[in-house]
Amino acid sequence: MATTDDVKLIGAWPSPFVMRARIALNIKSVDYEFLQEQLGTKSDLLLKSNPVHKKIPVLIHGHKPVCESLVIVQYVDDVWASDQPILPSDPYDRAIARFWAAYIDDKWFPSLSGMARGPTEEAKKAAYEQVVEGLALLEDAFGKCSKGKPFFGGDRIGYLDIALGSFLGWIRVTEKMGNLKLLDEAKTPHLVKWAENFCADASVKDVMPETDKLAEFAKMLMAKAKSAPPN
Amino acid sequence: MADDLKVFRTWSSPFALRIIWALQLKGLEYETIFEDLSQKSPLLLQYNPTYKKVPVLVHNGKPISESLVILEYIEETWNQNPLLPEDPYERAKARFWAKFVDEKLLQSVIDVLVTEGNKQEEAVPRAKENLKYIEEELKGNKFFGGATIGFTDIALGWTARWLPIIEEVTGIKLIEADTFPRISEWMQNFCDVPVIKANWPPYDKMVTKVQGTREKCLAPKGTN
Chain E
1 MATTDDVKLI GAWPSPFVMR ARIALNIKSV DYEFLQEQLG TKSDLLLKSN
51 PVHKKIPVLI HGHKPVCESL VIVQYVDDVW ASDQPILPSD PYDRAIARFW
101 AAYIDDKWFP SLSGMARGPT EEAKKAAYEQ VVEGLALLED AFGKCSKGKP
151 FFGGDRIGYL DIALGSFLGW IRVTEKMGNL KLLDEAKTPH LVKWAENFCA
201 DASVKDVMPE TDKLAEFAKM LMAKAKSAPP N
Chain A
1 MADDLKVFRT WSSPFALRII WALQLKGLEY ETIFEDLSQK SPLLLQYNPT
51 YKKVPVLVHN GKPISESLVI LEYIEETWNQ NPLLPEDPYE RAKARFWAKF
101 VDEKLLQSVI DVLVTEGNKQ EEAVPRAKEN LKYIEEELKG NKFFGGATIG
151 FTDIALGWTA RWLPIIEEVT GIKLIEADTF PRISEWMQNF CDVPVIKANW
201 PPYDKMVTKV QGTREKCLAP KGTN
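So the sequence lines, in the order shown, correspond to chains E and A.
If you're matching positions, the first sequence starts at 1 in full-length UniProt numbering and goes up one per residue.
If you're matching positions, the second sequence starts at 1 in full-length UniProt numbering and goes up one per residue.
Think of the hints as simulated: they come from the structure by calculation, not from any bench.
Treat the hints loosely; a few may be bogus.
Claimed, not checked - Listed below are the simulated DMTMM-like cross-link pairs for lysine to aspartate or glutamate, each with C-alpha atoms no more than 25 Å apart in a straight line:
id, chain 1, residue 1, chain 2, residue 2
1, E, 54, A, 111
2, E, 64, E, 93
3, A, 52, E, 129
4, E, 64, A, 90
5, A, 62, E, 106
6, A, 53, E, 106
7, E, 8, A, 86
8, E, 42, A, 36
Please take these sequences and the hints and turn them into a complete structure.
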């Protein structure tokens, strides 16, 4: 049963990991206070609530902090259990969703980062190829998980939709700034359609940043990185 | 219908041990398939095409990969002897710490094993810092799971055997009883659990293997 305990989320609008927590809370219609961190500094509350990683997002529910985006999503699903389940009900389907979400975080996202942050042009190109390869795997996974429905989770957005969909803003920025295609009508037609449906969903549309705004932010980050003193 | 359970593992994989422990703690019967990773079986490649790694659990023909994903699956499929707490906040903590073990602690310990000189000198405090977080989280409980072992204990469990071996191979003490009293006690208690005691790979064979890993990583390039 939904609890009326105070819910706060420490985060920042550009972060895909923070977006995961926001989408989960939106799915469950949970009101929360969004405490935005300023770029370049970490608030006392953040450092106190997440001393191990010192990272966003952190969900604070009744003064108790929950850290790590996918842990938060599962927590939200556990606490507000009766409204709109996020994880599938069947244990095997849950395992598949968790497997691909872990793949996205452990393998795919580092490659996406590597496209911008790779130390050499060669490394960046290799990262790009890994991203494309990963999306092909996810296109295939979509076919198996969705069973003909619009989302990985079926009729409604679920765990794996959230895990991957939270990166759509950054995928679009990467495509725009690199003048290339990651989601491709020819290679990943299901994911292209899925991306449209995901971004249009009520729980997503207010928290998915506009591509232009995110691109400006990315440019600013890159400029900052270039002007920072070398390590 | 009786459950058909198969575990693909190697004799030395600490990740596969997690699965063995969980299955045995739940009293489940399973078939073991030992893999030679230099010659992976067609079945393994079919069951885990993404990573081509062990462990893989196959339940009634359906494969699951990634040890923490497998643990959650086992927990959700068989209710006896629960490994995760019921309270959502405690569950979140268990998952957080299991992730911490795999994403931070593991690599920091490996870094101590596979380096020497200055690099190793830098790696040791990083590993100890991660161990300190674990030490603090134990908070005087016998296990993370309370009176009996649970999800986090299983995730962390490899350290009870591998850390002493790494200490022996490198000559570096990571867990001193006076600086890590809780972890020291936890390791003893953990190793006393019958299911844990029964399943460690042979100690000497492990030392040889860990020694081999260190030597291979330290070998000058081009001599492999």
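A quick look at each hint next to the structure:
no. : hint         : verdict
1   : E:54 - A:111 : 22 Å, holds
2   : E:64 - E:93  : 30 Å, violated
3   : A:52 - E:129 : 19 Å, holds
4   : E:64 - A:90  : 11 Å, holds
5   : A:62 - E:106 : 23 Å, holds
6   : A:53 - E:106 : 15 Å, holds
7   : E:8 - A:86   : 23 Å, holds
8   : E:42 - A:36  : 47 Å, violated
Violation of the numbered hints given earlier is confined to hints 2, 8; the remaining hints are satisfied by the structure.
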